[in-house]
Amino acid sequence: MQANHSSSRILLPVRPWFIFFSLIVALLLNLLPTAHWPGVPDWVALVLCFWSVREFRRVGMGWAFILGLLMDVADGSVLGQHCFAYVLLAYLTASLSRRILWFPLLQQALQVLPLLLLCQGVQLAMRVVVGGDFPGWSYFIGPLIATLLWIPATFILLLPQYRPLEQDPNRPI
Amino acid sequence: MAGIDHAPPPFFKQGPAPLALLTFYIAISVALFVVDLRMHSLNLVRQSISLLVDPVQRIAQTPGSLVDYAGSYLQGIRALEAENKELKHAKLTTAPDLQRLAQMEVENERLRKLLTVKEREKAQGQVAQILYTARDPFSRRVIIDKGQQSGIVAGQPAIDDAGVVGQVTRVFPFSAEITLITDKDQAVPVQVVRSGQRSVIFGLGNGQLELRYMPANADVQVGDVLVTSGLDSVYLSGFPVAKVINIERDSAYSFARIFCAPIAGVENFGELMVLNPRNPLPPAPPESRSRNGDNGNDKGLRSKRKRPAKND
Numbered sequence: 001m002q003a004n005h006s007s008s009r010i011l012l013p014v015r016p017w018f019i020f021f022s023l024i025v026a027l028l029l030n031l032l033p034t035a036h037w038p039g040v041p042d043w044v045a046l047v048l049c050f051w052s053v054r055e056f057r058r059v060g061m062g063w064a065f066i067l068g069l070l071m072d073v074a075d076g077s078v079l080g081q082h083c084f085a086y087v088l089l090a091y092l093t094a095s096l097s098r099r100i101l102w103f104p105l106l107q108q109a110l111q112v113l114p115l116l117l118l119c120q121g122v123q124l125a126m127r128v129v130v131g132g133d134f135p136g137w138s139y140f141i142g143p144l145i146a147t148l149l150w151i152p153a154t155f156i157l158l159l160p161q162y163r164p165l166e167q168d169p170n171r172p173i
Numbered sequence: 001m002a003g004i005d006h007a008p009p010p011f012f013k014q015g016p017a018p019l020a021l022l023t024f025y026i027a028i029s030v031a032l033f034v035v036d037l038r039m040h041s042l043n044l045v046r047q048s049i050s051l052l053v054d055p056v057q058r059i060a061q062t063p064g065s066l067v068d069y070a071g072s073y074l075q076g077i078r079a080l081e082a083e084n085k086e087l088k089h090a091k092l093t094t095a096p097d098l099q100r101l102a103q104m105e106v107e108n109e110r111l112r113k114l115l116t117v118k119e120r121e122k123a124q125g126q127v128a129q130i131l132y133t134a135r136d137p138f139s140r141r142v143i144i145d146k147g148q149q150s151g152i153v154a155g156q157p158a159i160d161d162a163g164v165v166g167q168v169t170r171v172f173p174f175s176a177e178i179t180l181i182t183d184k185d186q187a188v189p190v191q192v193v194r195s196g197q198r199s200v201i202f203g204l205g206n207g208q209l210e211l212r213y214m215p216a217n218a219d220v221q222v223g224d225v226l227v228t229s230g231l232d233s234v235y236l237s238g239f240p241v242a243k244v245i246n247i248e249r250d251s252a253y254s255f256a257r258i259f260c261a262p263i264a265g266v267e268n269f270g271e272l273m274v275l276n277p278r279n280p281l282p283p284a285p286p287e288s289r290s291r292n293g294d295n296g297n298d299k300g301l302r303s304k305r306k307r308p309a310k311n312d
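So the protein lines, in turn, are chains A and B. So for the first sequence, this note's numbering puts the first residue at 1; every next one is plus one. So for the second sequence, this note's numbering puts the first residue at 1; every next one is plus one.
By construction, these hints were calculated from the structure, which means they are not laboratory data. One should not assume that every hint holds.
To be verified - Now the in silico label distances, taken between C-beta atoms and shown as ranges:
#1 ILE28(B) to ILE145(A): 25 to 35 Å
#2 GLY207(B) to ILE145(A): 16 to 26 Å
#3 ARG163(A) to VAL30(B): 22 to 32 Å
#4 ILE145(A) to GLU248(B): 32 to 42 Å
Ideal Cβ placement from N, Cα and C applies to all residues, glycine included.
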């Protein structure tokens, strides 16, 4: 697989343990006591979005559901709230992944932005409908920051897959 | 051609169609959401998942608490001395009240016995440390470090050094969740200290509380202190809850809008005390027959009302 479909740089295959590790790290980042700072992104949504764009066969809705359940319990929110949002996110990113990967990174981020906003908006809708408290518009700063983080996240999460740059003239690729 | 198997080779198998999977997972999520919200019967699921999440959560809290610890360690000796002095002063000012408290409690008990009034319940409980604020931005809750292992049960009230903080709403094996009184629609039955009027105070979700169902001409002034009335089986009477900060009297509405600020350090971190559950109140007396017996056309309503009376 390439870094994006139009680049000629070919990557190593992804290691499943690294996907697992990155999702656990994202969960840990989400559980840091930063929840009440404005604009802290939902790390799990970002990493999940990333992997389901790149590896939708490995990271699908099942993973999204389990992570959602963990986040629901950790957050103390209503069970099913994050599950719904993450499953929807995983489905949409997987179905758009063939398109997203044709774009350069900045435009990829722009394509991901509405999905992350939707992920957040679905949760807001679910909670407000059942009488929750509207947390203010700063709730939507998180996805914007996450969009900006798409570029560094892509770099970091693809790091183990890059091949050495030196060229071997005898190697076919 | 009958013998040829038309099944695709195994490398084309990709499991169920994505849309089918999506429908399946969404259906489960919505079912979970409704069951958790309306029936509150998923506590066991939540507790078992929390056993998985809790260690991760504690690890994630360590950097923050280490920074706090370092901050307090590096705090100047002068600040500590000042605080110590202040505390000693506070102790001395409350000493006269405290020293007579025991004697007054005994006297109160004796007088109540003389009046054949039910004895006042004693407030006892256990001190717990607030671990962190729940991440959910739609509600106001904190997590404390005592849970089922320490005998905490859902419904126990929690207070701090100034007043009521909230109520335990979920209990996990090693932690418990306290819903703050400022959480949206969290209700506490209160009494105005000055006039003795009773009402119910509701959280607004923005850090304030609202005293509802008070008539527009009610005797409430800015600065009035509200204490728990004890008219439920949750809060003991007499704990300060809130102070009135703003009153809007509009004759277009039958109720005044009375905004209050919590007295306890509700949104602050620190220690709090989880009070033991109260003794259950005696059952409410059955409704009198004459009230629902005069009107002939509300038969369905009447029969519904009578049913619980039979069970008693």
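So, going through the hints one by one against the coordinates:
1. The given range of 25 to 35 Å is respected by ILE28(B) and ILE145(A), whose C-beta atoms sit roughly 30 Å from each other.
2. Checked against the hint of 16 to 26 Å, the C-beta distance between GLY207(B) and ILE145(A) comes to roughly 25 Å, which is consistent with it.
3. For the pair ARG163(A) and VAL30(B), the beta carbons lie near 45 Å from each other, so the given range of 22 to 32 Å is not met.
4. In this structure the hint that ILE145(A) and GLU248(B) lie 32 to 42 Å apart at CB holds, the actual value being about 38 Å.
Comparing the model with each numbered hint stated earlier shows that hint 3 is the single one that does not hold.
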